[in-house]
Structures are given as C-alpha cells and as structure tokens.
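J.: Respectively, the protein sequence lines represent chains A and B. Everything in the first sequence is counted per my numbering, starting at 1 for the first residue and increasing by one. Everything in the second sequence is counted per my numbering, starting at 1 for the first residue and increasing by one.
Don't read these hints as lab results, they were simulated from the structure. Given the structure is predicted, the values throughout are model-derived calculations rather than measurements. Idealized CB from N, CA, C, for every residue including glycine.
Listed below are several chain B residues computed to face chain A (Cβ distance under 7 Å; list not exhaustive): (1) G27; (2) V65; (3) S70; (4) Y91; (5) C126.
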Amino acid sequence: MHIYSSHVLVCSGTSCTSKQSPLLIKKLEDGIKRNKLDKKIQVITTSCLGLCEEGPIVVVYPEGAIYSNVSIIDVDEIINEHLVKGRIVKRLLSGNNEGNNSYESADFFKKQERIALRNCGVINPESIEEYIALDGYQALGKVLTTMTSEEVIDKVLDSGLRGRGGAGFPTGRKWLFAAKAKGDKKYVCCNADEGDPGAFMDRSVLEGDPHSIIEAMAIAAYGIGSDQGYIYVRAEYPIAVKRLNIAINQAKEIGLLGDNIFGTDFSFNLELRLGAGAFVCGEETALMTSIEGKRGEPRPRPPFPANKGLFQKPTILNNVETLANIPVIILKGAKWFKTIGTKKSPGTKVFAIGGKINNTGLVEVPMGTTLREVIYDIGGGIPNGKKFKAAQTGGPSGGCIPTEHLDVPIEYDTLIELGSMMGSGGLIVMDEDNCMVDIAKFFLEFSVDESCGKCPPCRIGTKRMYGILKRITEGKGEAGDIKTLEELAESIQAAALCGLGKTSPNPVLSTLRYFRHEYEEHINDKKCSAGVCKELLDYIIIPGDCKGCTKCIKVCPTKAITGKVKEPHIIHQEDCIKCGACLEACPFGAIIRK
Amino acid sequence: MSKNCQCGEDKICQLNKVIEEHKDMAGALIPVLHEAQEIFGYLPMAVQKQISEGLNISLAEIYGVVTFYSEFTTEPKGKYQVNVCLGTACYVKGASDILDQFKKQLKIDVGQTTSDNKFSMNACRCVGACGLAPVVTINEDVYGKLEADDVKEILEKYRDK
Ligand SMILES: Cc1cc2nc3c(=O)[nH]c(=O)nc-3n(C[C@H](O)[C@H](O)[C@H](O)COP(=O)(O)O)c2cc1C
Ligand code: SF4
Ligand code: SF4
Ligand code: SF4
Ligand code: FES
Ligand code: FES
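Isolated chain A, as found in the complex (with noise of 0.2 Å):
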C-alpha cells in the first residue's frame, strides 16, 4: 500500500453533499495535483462526521484539524497554507474546537466513545485495505482460527452487549437460541431498514464502515452454522447500497467471503436486499417475509425466527449497530467492554440529535450518559435562547421526555420507566414552540400509515386515536377525549400482533403523563399556547404597523375585515374563517397569527 503523508478527509454525508462537497473533493484534488502533492496528500471522502450543522467538513490528518462550512473559494487557502506550508488555517477551523484544533479534543468529540462509529469519517470506506490496516477482518480470522462456535457466543453473551435495533433483547441469548436449534440451513439477517423518521445512525455505519458489518456477520454465521446472510437494507438509501456492494465484492474477491475463509472449512455468502419503502419491515418476521419476496406482514410467534424464521430455518436478525459493535468485542474482550456504559446496558449507543438544537448530528456516548449531557454539552442546547420542553426518543414507539428528568441516565431500562423506549437512536430535541399534541398526532398519523392493516386493533385503533388528536388540534375537542384516547390505547397495547401496533399509543401516552395541561387547554379553551395548531389561532392586525392599504380586506372571503382608508383595520373575530388570506396579502406584515 502506498503511504501517505497527509489525509484529507471530505464529508460526503448527505448534508455536506447537499452543501457541494462534492465540488470541494474536485477542487481539492486538482489543487493538490497542481501542487503536485498528489503523491504525499490523498483526499479521502467519507461518511457524516456528525458535525452536519456547520458542514460541509473537511478534516486534516495528520493534525487532525476540522474545517467547517468550507466552501469553494477557502479551497485555496487550505492548499496553499495548510497543505503546502504547515499552516493550520485558523479562520476556517469548526467553532467547536477553536484554539484547540484537534479532532479529538473537540467539545463535541470529548464526551463521546466511539466505538460503533469507530472508522466512520476515518477510512475511506470503499477500499477494503484502509479497513484491513485498522484491524479489519482481525477478529473474523481470531474466530476462525481460535475459537470454537460455543466460545464466540460466550464471549457475546459475556459482554453484555444488547440489541440496538430498539428493544434492547441480549444479542448473545438471540445467537445461542440458533445456535441450538436444528436445521440443515440457517441464515444470519442485518437489518438496515433504519425506519424511525429522524433517525440516520445506521445509515452512517453502512455507508462509513461497510465492511465492520459484512465482518460482523461471518463471525455471527460462524457462531451460530450458518453459511448464508442477507441484508436488508432500506432502498433509501442509495450510498449505502452502493457501498455495501463495493464491500461485498472486494471481501469475495480476496476470500473473506465465500468458501473456505481463512482456509478453514467455513464458507458464508452475503447478498443484498432492497426494502421498498413499507416501515413495519424493519419488524423481524415482515422483514424475513419480505426477503421471501411476499408483502411483509408479520406473522405470530412463537415460532420464533430462531427456530422458525427466513424460509422456515433457524435465523438470526440483528440491526447494524449492534454488528457493528461485535468485531471490537471479539478483539478486545467482554470484559473491556463491560468497563464502558452502565451494569445493565454496557457499551455505546449511537443518537441522531435533531430538532431544536444548536449542534445537530451523530453522536456516540456511553450507555448512563444523562440526556442534559447529550443536549447541552455535545448538542450545545437550545438556539435563539428558546426553553427546553422535550426530548423525543424511540419515534413511533416512543415518547417525550420533559425537563424535570433531563438527568436521568440513558439505558434501555430508564427510558421504559419514562414511558418512552431507546428505539434505534432517534433523539428530537423540542423547544417551547412546540406543541405536544401536535406532536402525538404526528406520530399517531405515521402509525395510521403504516399500520399494515393485518390486525384490527391496530389497522383501525389508531385511525380512531388520530382522528381523535385531529380534532382536538382543531379546536374541536369533546370532554371525555382524553380517557377514549387512554381507553383506545389499552387496548391496542393488549391486542395488536406486532410491535408497530403495540407501541403505537405511547407517544400519546407519554405526552399525557407529561403534557397533559396541553390537551386540556386545547380542549377546553380552544388554545394552543405553542401557537402551532393554526385552527386554534386568531389573525390579528397589529394597529401600530397597519397603514390601512385595505389589501386584506379585498381578499378576505367572509368580509371579515373592516376599517378605513389609511386607517388601521380590524379582524373581526367571529367572522373569520382563518383562512390566511390577509396575512398573505398584507405588504407590510401588520397581520399575525397568535
């Protein structure tokens, strides 16, 4: 392999794309090659580096400096300073980590561990060599040469390590159920469908470290006998189609894929495939369905997909995070990776910070960081200097978290105390302006769907609970609302077949528990103090700033409107059928909506 002095890594994440860094890795690589550097200096495009609010990105390594919001006309400066003389370019350097310019020692980096996102925005993740030289394929030859099946599934169960994928079920316990069940063929299955709305963690592991997952899923088929795998990974997602594949041929083309691995007796093949947009796919049994090539309804278990799952054979199905953690364990031991996170959940997890925060991205903390960790010393809180209301964890399944428990630690078991869920690792971030039963109902509408439509409970409860939410969020709430809402989602939970169904009400539940002034004061004052649900809202002529141009009263369609020439107008309540005809009218802004 060909040494290099220097790296330049370029984000190709989905945000710096849409910020031209493609046009940056160009204008970068000309420069150098003008320089002629191109012999010492590779510029290297990688995954999201978690930084995407001030992106596009641009590290330098060896100094590990991180440029941000880079645009065309800096690409100079950084050749000519940085690359050709030495010269860390200040101005440009990410606000996170002035003064102190190394990628690690950055606030946002500094609270984080990085373990499932260990070579993401580090290697390049189309060559299989940059993989290998950072430990890649280590483990899978130690498994194959070292271990018999009974001690790799040891070693999982040892480390704790439990499902990223959302319920947080023991990834050693799933391994040793397929590993003793009997059958002629068994499959190992990665889900990648990455479905919760808001949430792009596994999507930064597919397209950063493509290969820790095919690696990950040797070790696994070796554990539990299988020799065949599939990915099913969202159709969404097109980089990381791409990737993967790029990964798969390179493993079979230097025989870490295929028959005989490590020339040992170990064969395992891997192919692809592409869900087709439906959300409850990412539930194991309609994700095996799906694989068959049918609609992914899921089916009842038991059976259960360890004895009974793809094409009837014993199967095992993890998400890409939880992969992702496996080749690091094998390497450096159950027992060190007891030492990060807490007893009962060890390890990392990875968040995708969004909504109402300063730093929006990836992060990876320990298991037992506190969400007010999260939010303010890597999110850098709130902007504009608005008032924290919730954190949103788990999606659909999940619920809100207010500020009086911003402080509890973050595991599996805490959060289900909360009433929400850890989910895959969406976390939204919600500020006063927004309206919690705004919120419910846009989940609810999501379930509505999504929801299959195998079951009743599911397939019409939560058309029922939506349209109740959507009355109230049109000023339309009846007394006795809120304990149909409760009553519908009882039994929902108790009747639904599968996970999307049961799950469904607890982002109304959660916001019950913790908001539920908020859908009082909707129903019973017909009030939404957010000022989201626009039903609930008046349109009101500022007196001071109207200069009675009778614009708005041309294109109000109730005559609604009265007032004199050069005069300050009036919106007369009753009349208005809040159409939002004048606010857009007006030429000077005197209209509000309040």
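Assemble the complex: chain A is given as a structure, and chain B with the ligands must be docked to it using the hints.
T.: For chain B with the ligands alone, kept in the frame of chain A given last:
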C-alpha cells in the same frame, strides 16, 4: 421472449434479461420489481403480467406485493419528484408549512402529479440530512433550512427546464 434476444435496447427485452438473471434466486420478486421500475419508471399492468409469466408467480400475488410497498407505483411519475421530508426532525422545524406551500404552488396533493407531468409530489421520512431540517429533495437535489417563502423560487428553477 427469450434470453436469445440480443438487442438490449428495448425495455421489454431488458426486463426479460432481468427476469432470466433472477429466475433461480430465492425471493426474486421484489428485486425484479425494483429493476423493472428502474427500467420503465413505473409498474403498469403489462409489466406485472410479463413478470408474472417470467417468474411463474400469479398476477394476484404480484399485484398484492406492488400495492403493499410504497416505493412501487403503478402510475407514471412526473419529470421532477418533489419529496418533502416529514421526518420528525423536519416536522418539529415546520415541515408541514413547507408542504402546504408546495401543495399551493403546484396545485396538487401528496401522491399526485401535475397535469403537464412535470412535478410529482411525495412526503417522505428522513432523508438523513436532519441537520438541514426542514429538507426537500427534488430528484437528486437537496434543499435544506427551508422557509415557506423559498418554495416559489426553488420551483421556478425547474419550471422552465
Ligand atoms: C414496526 C417495527 C419496526 C422496526 N424497525 C426496525 C429498524 O428499522 N431497524 C432495526 O434495526 N430494528 C427495527 N425493529 C426491531 C426489529 O424487529 C428487531 O428487534 C431488531 O432488528 C433486532 O436486532 P437487535 O437485537 O440487534 O436490536 C423494528 C421493530 C418493529 C416492531
Ligand atoms: S399491529 Fe399493525 S402493523 Fe403489526 S401486524 Fe397488526 S396491523 Fe400490521
Ligand atoms: S384569515 Fe381569512 S377569514 Fe380571517 S380575516 Fe383573514 S382573510 Fe378573512
Ligand atoms: S393589508 Fe395590512 S396594511 Fe393593508 S389594511 Fe390590511 S392589515 Fe393594514
Ligand atoms: S453529513 Fe457531513 S457532517 Fe454530517
Ligand atoms: S427528518 Fe428530515 S432529514 Fe431527517
């Protein structure tokens, strides 16, 4: 209708080749549908029939699968696919106002195509650019940190193309 077809140009031949390649694969239907949609842009009845014959799967089953997955469509799509992200991060930052604005400007609802076949509008969930919320994609282009006022201007760019 056989693997002997050499032309490689005609869409029907292309599909036959795809079917031929996937014939022995377990669970071939969905991968074939993906490729068929790539070739034709959508999955009209004739295409479903061809797949039904090629893979020896009943038309009813194929239709059931096509309608189950939102990625598959039996209607042709507009030249520009407007995808408004309604993922959580975008939603809490006002994505529904953006969606309303697109509806108003294009005079179509989610899932519809303009009468000149120029624009189709869809709502999607998280395109992985939450840092830029609210986000809209139009074909390959990503627009972030949008405000309702930006919508008109963005659409102008595609209108006269
Ligand atoms: C409706 C529904 C959607 C799900 N979506 C996902 C998903 O997108 N990704 C994922 O890894 N797990 C998802 N799960 C959880 C999986 O069913 C399964 O528990 C998980 O993939 C197992 O892997 P793990 O043990 O490594 O977490 C979903 C579950 C349900 C009920
Ligand atoms: S709970 Fe909902 S998604 Fe799950 S099987 Fe029933 S109808 Fe389908
Ligand atoms: S919102 Fe509509 S109905 Fe109400 S005052 Fe304005 S134009 Fe008239
Ligand atoms: S359009 Fe605006 S400025 Fe003109 S009369 Fe109405 S409120 Fe006043
Ligand atoms: S996409 Fe570039 S930092 Fe996230
Ligand atoms: S929620 Fe819209 S990009 Fe993630």
